[in-house]
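Let the sequences and hints guide you as you build the complete structure.
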Amino acid sequence: EAGVAQSPRYKIIEKRQSVAFWCNPISGHATLYWYQQILGQGPKLLIQFQNNGVVDDSQLPKDRFSAERLKGVDSTLKIQPAKLEDSAVYLCASSPGTLQFFGPGTRLTVL
Amino acid sequence: SQQGEEDPQALSIQEGENATMNCSYKTSINNLQWYRQNSGRGLVHLILIRSNEREKHSGRLRVTLDTSKKSSSLLITASRAADTASYFCATTTSSGSARQLTFGSGTQLTVLP
Chain A
154 EAGVAQSPRY KIIEKRQSVA FWCNPISGHA TLYWYQQILG QGPKLLIQFQ NNGVVDDSQL
214 PKDRFSAERL KGVDSTLKIQ PAKLEDSAVY LCASSPGTLQ FFGPGTRLTV L
Chain B
182 SQQGEEDPQA LSIQEGENAT MNCSYKTSIN NLQWYRQNSG RGLVHLILIR SNEREKHSGR
242 LRVTLDTSKK SSSLLITASR AADTASYFCA TTTSSGSARQ LTFGSGTQLT VLP
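Just so you know, the protein sequences line up as chains A and B, in that order. So in our numbering, spot 74 of the first sequence is number 227, and the numbers just go up one at a time. So in our numbering, spot 33 of the second sequence is number 214, and the numbers just go up one at a time.
It is worth saying that the hints were derived from the structure and are not from the lab. Check the hints yourself; a few may be wrong.
Claimed, not checked - Capping the alpha-carbon separation at 25 Å, the derived lysine-lysine pairs in PhoX-like fashion look like this:
1. B/Lys251 to A/Lys197
2. A/Lys236 to A/Lys168
3. A/Lys197 to B/Lys207
4. A/Lys197 to A/Lys231
5. A/Lys168 to A/Lys224
6. A/Lys168 to A/Lys197
Here you go:
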C-alpha cells in the first residue's frame, strides 16, 4: 500500500516570498492533517480536514497560512508571505480512524 | 503548547542495552501513542495504549501508563543501532477534537554499535 506522499521534499525561499506544499494521502483515508515541526520540537497541529471540510484550524496562522483539500483527497498548504520563523518541517498525515500515517515531510528554509 | 514532555531530551547507550524514555502530560487522555522519527523522515507509529490499560508489549517495546501520575514510559529492550531515532509521545484528550494528537518534545536516542 502506498504511503502518504508529499512534495517538494525541500524548499528554500527568501522571507516575504510565497510557498506551497502538496500532500497526497493514503487512498480511502478521510482525515488529513498538516503539522509544523520546528527543529528540536514535536509536531504541532496546524489544520485537520475531514473529507474536504475543515474540522479544526484553530492553530493555523490565518493571516499568512492557508490550506485546502479539494474533492476530499489531495491537499495543499500555502504560506504567503513567509517569515523567518516559518522555517520548519511541514508534515502531512492521513488517518482512517485512530492511527495517523505520516508522510516524509517538506523541509522549508526561509532566508 | 505541547501536552507531553519527554525525559530525557537525549539518551546515548550501547547496542544491546535497554533504553527507557518517559513522557508526562497535563490533561486527561483517551489514549497515548509513541512514535519514532528517523532523521529527515516522517513519524512512524510504534504503539498505542488506552487510558484504561496499564501496560502493553509489542516485540522489543514495552509501554506503561500511569494515569494517576499522568505519565508513560517506553522501554526498548536489547537495543540496536537501527533504533537510533527521535521518539515522541502523543496524546488524544477527552476535551480535544476527536482523533487529534498533541505531541511532546521528544527524546533523541543514539545507540552506539
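Query - Violated hints - listed by number, lowest first - result: 5
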